[in-house]
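Engineer: Listed below, chain by chain, are the residues.
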Amino acid sequence: MTTKGIVFDIEELGLHDGPGIRKLVFFKGCPLHCTWCHNPEGISFCKEWIITHSGEKRICGKEYEAKELAEKLLKAKEILIDSGGGITITGGEPLAQSAFLFELIRYLKPISIAIETSGYAPKFIFKRLISEVDLILMDLKHTDNIIHKKYTGVHNSLIINNLKLLCQSDVNFILRIPLIPGVNDNKENMESIVQLIKNAKNLQRVEFLPYHQTAGAKYKMVGKKFEPGFDTNQTAKVWLDIFKNNNINVLVL
Amino acid sequence: MNDRISILLDNIKQKKHHQFRQNIETTELKAFTQSLKEQELSDVLKSQKRLSWVLTKETPIILPEEKIVFTRTVCQIPEIFTDEEWNSLKEEHYIHELGRVCNISSNYEYTIEVGLETRKNEIYKALIKHKEIGNESGIIFLQTVLQAIDDVLNLTDRYATLALNTGRSDLYKMLNQIPRYGAKTFHEALQFFRILHYTLWASGNYHNTVGRFDQYMFKYLQNDLNTGLLDYDSAFELLEEFFISFNKDSDLYPGMQQGDNGQSMVLGGVDKDGNDAFNLLSEMCLKASLELKLIDPKINLRVHKNTHFNYYILGSELTKEGLGFPQYSNDEIVIPGLLSKGYSLEDARNYVVAACWEFIIPGNGMDIPNIAALSFAKIIDKSIKRHLDNCDDFESFLTKVKFEAKLELDTILSKIGNIYMEPAPFQSLLMNDCIENAKDISLGAKYNNYGIHGTGISTAADSLAAIKKFVFDDKSVHAKEIVNALENNFEDDPDLWQKLKYQAPKMGNDDDYVDNIAVELLEMFSELTINLKNDRGGCFRPGSGSAMYYLWHVRDIGASADGRKKGEPLSANFSPSLNVKVNGPLSVISSFSKPDLKKIMNGGPLTLELHDTLFRNRDSIQKVAFLVKSYIDMGGHQLQLNAVNRERLIEAKKYPELHKNLIVRVWGWSGYFVELDEEYQDHVIQRIELQT
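From first to last, the protein sequence lines are chains A and B. Just so we're aligned, residue 1 is where the first sequence starts under our numbering, counting upward by one. Just so we're aligned, residue 1001 is where the second sequence starts under our numbering, counting upward by one.
The set of hints was computed from the structure by calculation and includes no laboratory data. All C-beta atoms in this analysis are idealised placements derived from N, C-alpha and C, irrespective of residue type, glycine included. Among these hints, one or two may not hold up.
[Stated by the list, open to error] Derived EDC-like pairs: lysine to aspartate or glutamate, alpha-carbon spacing no greater than 20 Å straight-line:
#1 1305/B to 82/A
#2 57/A to 1493/B
#3 62/A to 1491/B
#4 57/A to 1633/B
#5 1581/B to 11/A
#6 1594/B to 9/A
#7 72/A to 170/A
#8 1581/B to 82/A
#9 75/A to 1633/B
#10 1305/B to 78/A
[Claimed, not checked] The calculated label-pair distances, taken between Cβ atoms and stated as ranges, are:
#11 1007/B to 198/A: 48 to 58 Å
#12 1006/B to 150/A: 29 to 39 Å
#13 234/A to 1483/B: 40 to 50 Å
#14 1393/B to 124/A: 51 to 61 Å
#15 1232/B to 251/A: 31 to 41 Å
#16 1393/B to 251/A: 50 to 60 Å
#17 1309/B to 249/A: 17 to 27 Å
#18 124/A to 1308/B: 45 to 55 Å
#19 1567/B to 165/A: 30 to 40 Å
#20 249/A to 1006/B: 32 to 42 Å
#21 1232/B to 249/A: 30 to 40 Å
#22 1308/B to 249/A: 24 to 34 Å
#23 1013/B to 251/A: 30 to 40 Å
#24 1520/B to 249/A: 46 to 56 Å
Construct all of the structure, not just a fragment, from the sequences and the given hints.
Structural biologist: Structure below.
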């Protein structure tokens, strides 16, 4: 069976997305619509026109067969392997193209594979993911279901359940928390996140990604309006102690 | 860094020593040149008189914090020929740049070890020998070197007197030892170097490189550490002061732009037996440069298959500072390359880097590694206009390209012959065999090879790839359409422009279709130079550097078939075309390691621009270090990385006052961004915009 997938970018020197030198592949399309998303071209599952600030017009989004994409990603694989790196699959939401994803993983192996996901996927898919990759970079925005829905467009129950599943598994994972000023950078949210993960032996660390002013830079390019729904001039609060007190490593990216 | 070093660093930044500079009127300089003419002296005597004039005029300066002295106060160096004399010289001779000996690497080691008195004795012996054989010009030459040494000693004595009178008995004592006698300590060796280097600049010679400092200075350091005269910290402090001294007078040094002064220091590499030569001093130099963040000396790292990964990390930490160096060169490629051009194994293993990137031999090389440049873009331009319409397939077009390349090279080389340089008696003292043979270095040395840069390689490969694809493979574009479009700068055919620019393969994406064309072009360049001899009996060395030609060569051509419009610059050195968005650094290093770079042995680095956010933490620095090592392992010859931030450059262009310390790599050297001409500033900004 050959499934086609859609990808919006490939980067060759992902420095903050898993160990070693890694190629990053960005799957196009995401079921979440986070208001602060800095990759608006990764939201739609369709090809779309992009007009850059220098006036270049190009199509964003390229369809691949899994085998073809794997071959492309595995070019210069010696460097990836020798450096202790591999491939990181991110997006968009890779799990939203799960059939394509798992076929791609099959072609990529045995190289080390990391995946960055929102965790928004049916349980059986997430379970399969856990069994097939070497590292999971899982996002968590908010533990409160209503606030989560307001800012991301979806409820968080699938995500929380999958996170629980992940915590009980033995695949290494990093929990990534985007810090959005006035939205999720409060003590209560951080404390309930700690409750969810504090017993996970496979948690390597928590990474904070403080909101950055440049997040809205690409919206114009795809003909969208950046409407974050919070005060972008504020600086997000970083809560290191709550995590450190529970023996959880934290890193601010 | 300790307080003393902070003060010295601050002095440099505040230009405090400039207050001692003497203002010499142009009329006085002209009068000196005129007097040389009237005395009807030989050229070598003129050179020596000039050095005497400068050194006699010099005033000793000792700042209270200084332990390594010698500061220039005489800013202008007079010409030894009047304009008229220069013009008649130019009629008969090829004159390279300023017509002076430059861009070579001295053998500092020997003179520092034995001292100038011993060197004088050698000259006396040589005088006897050459008097016996009646070598008149040789005798005059040797006498001028003696005079130059005496002038240096005289200035040293005046420094010593000042030291005594200002209560600096430490300096007084040292200046009575060196440079008369050989250095015994690390401190003496550093001061000795400073005097030699200072004198080279005062002689009018320029791009005076530093060479393998960590090799020839290590024994002094090691000895002092063993005897306890120095500990690590005190040695490091001296080293930092020494580094600062390179920045005292550098604004006076001639170059294409401020910063282009050739103070290249080479660290690491293999020793004469082929073993790893990195040592404690190599590491200290990297750390000193990291702490001081000054553009001089410019650090070059020689690496090879046994180089410890830690040196790549130290190098990447230095890259992170945005200094535009270290520049890496690969012994595994460079040494065989030099051997293939007739360099001895011992000399090849001892190679250093000239002002920018060219590989030269200390003591034995009078190579001119930047004598000319071949414009690949121009060759393709001519081939298209003259032949494309008559070619049935790509292979026959490539034959025409080769024909045009040979024609172009012949044209360039026909202008080079009967070269003349001003004699350089003091520089000759620091080159091997000049004293024994009583022959000035300007007349040649063991190696007298000429290097030819190659510019616009990626533009040429991209243009050929577009032609191959559209004209010959899928036949979607007619040759005539390309010729017309180039002639009117795509103005009548925007669709063709789009197609050539965005739909054709580009070098830097690890795509054999275009990369193999670059392989072939460089192979061709190498072949064309194989049997050529220059006017001094030396060979020609093909290179992949561009120097300032990446801007100059654009003036000779219109638009190119890769979609580059008229006037848009070529990329600097060995890099993807300027306006091409490439897949990423892994593809770039794959593409640019495909040619057999042993044959492109004049050098010219692949330049990678990485955004400064990629250097955020230890983990990511390791990854950058690994990337560097990968290019070396894949057979790259030379690599230079920049940590850049486009926003900061744009701001610096707008508000130069606020960004005086912002350093960028320009072509083969680093300079202060705000001191560059606008044309160069814009090129740097443009380069970064597209590669990060």
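Engineer: Does the Cβ pair residue 1393/B, residue 124/A satisfy 51 to 61 Å?
Structural biologist: Given about 57 Å between the Cβ atoms, the range holds.
Engineer: Run the distance test for residue 57/A versus residue 1493/B: straight-line Cα separation, threshold 20 Å.
Structural biologist: holds (17 Å)
Engineer: Evaluate the given range 32 to 42 Å for the C-beta pair formed by residue 249/A and residue 1006/B.
Structural biologist: holds (36 Å)
Engineer: Given a hint of 45 to 55 Å, does the C-beta separation of residue 124/A and residue 1308/B actually sit inside it?
Structural biologist: holds (49 Å)
Engineer: Per the hint of 50 to 60 Å, is the separation of the Cβ atoms of residue 1393/B and residue 251/A within bounds?
Structural biologist: holds (57 Å)
Engineer: Given the hint that residue 1305/B pairs with residue 78/A, test it: the Cα-Cα distance must not exceed 20 Å.
Structural biologist: Judged against 20 Å, a Cα distance of about 16 Å means the pair holds.
Engineer: Does residue 1594/B pair with residue 9/A here, judged by a C-alpha cut-off of 20 Å?
Structural biologist: Violated: residue 1594/B and residue 9/A sit about 25 Å apart, past 20 Å.
Engineer: Does residue 72/A pair with residue 170/A here, judged by a C-alpha cut-off of 20 Å?
Structural biologist: Violated. Residue 72/A to residue 170/A sits at ~30 Å, over the 20 Å cutoff.
Engineer: Taking 17 to 27 Å as the hint, is the beta-carbon distance of residue 1309/B and residue 249/A inside that range?
Structural biologist: The hint (17 to 27 Å, Cβ to Cβ) holds, given that residue 1309/B and residue 249/A are roughly 25 Å apart.
Engineer: Using the beta carbons of residue 1308/B and residue 249/A, state whether their distance is inside 24 to 34 Å or not.
Structural biologist: Given range 24 to 34 Å: holds, Cβ gap about 29 Å.
Engineer: Check the hint pairing residue 75/A with residue 1633/B against an upper bound of 20 Å on the C-alpha distance.
Structural biologist: holds (16 Å)
Engineer: Quick one: are residue 234/A and residue 1483/B within 40 to 50 Å, going by C-beta?
Structural biologist: This hint is violated: roughly 59 Å between Cβ atoms.
The structure shown violates the earlier hints numbered 3, 4, 6, 7, 8, 12, 13, 19.
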